[in-house]
Amino acid sequence: MNNVKIFSTLSISFLLLFASCSKDEETKVDCSGTTPTYTGDIAPIINLTCAISGCHSAIFPADGLDLSNYVKVKSASINGKVLQSIKHLSGVEAMPQDAAKLSVDKITKVECWIQAGAPE
Numbered sequence: 011m012n013n014v015k016i017f018s019t020l021s022i023s024f025l026l027l028f029a030s031c032s033k034d035e036e037t038k039v040d041c042s043g044t045t046p047t048y049t050g051d052i053a054p055i056i057n058l059t060c061a062i063s064g065c066h067s068a069i070f071p072a073d074g075l076d077l078s079n080y081v082k083v084k085s086a087s088i089n090g091k092v093l094q095s096i097k098h099l100s101g102v103e104a105m106p107q108d109a110a111k112l113s114v115d116k117i118t119k120v121e122c123w124i125q126a127g128a129p130e
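Under our numbering, the residues of the sequence shown are numbered 11 to 130, in order.
No lab work stands behind these hints, which were simulated from the structure alone.
One thing to keep in mind: the hints can contain errors.
Restricting the straight-line Cα-Cα distance to at most 20 Å, the calculated cross-link-like pairs of lysine to any residue (SDA-like) are [to be verified]: (1) Lys82 - Asp40; (2) Lys97 - Thr59; (3) Lys97 - Leu58.
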């Protein structure tokens, strides 16, 4: 009888443990009705939070990642790591480093810009 209780307790514990674990999932945003452009929407975000001295500027780009102009930001955004970093997803380094996470509005602009093909 005691073995049944122990087995039941362990079984329930494992079920609860595995049910509570979840993988970071990227949620799709609704980009209908909006097409952000690099010049109008993305450059101000990047220039204030990423392409600054000591981070991803042209002079001393951290980890070799230069985000100082459209071509370089578009190229870095294609593989998805920029978006994953600003969303603070697991498996990538959260950005901006040593600063607050970007607002949902800014992250949405970046995501919609990428989904739209990263227009200039």
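Going down the list of hints, with the structure as the test:
Pair hint Lys82 plus Asp40 does not hold up; C-alpha atoms about 26 Å apart against a cutoff of 20 Å. Only pairs whose Cα atoms come within 20 Å are accepted, and Lys97 paired with Thr59 is accepted, the gap being roughly 14 Å. With a C-alpha separation of about 17 Å, the suggested pair Lys97 and Leu58 falls inside the 20 Å cut-off, and the hint holds.
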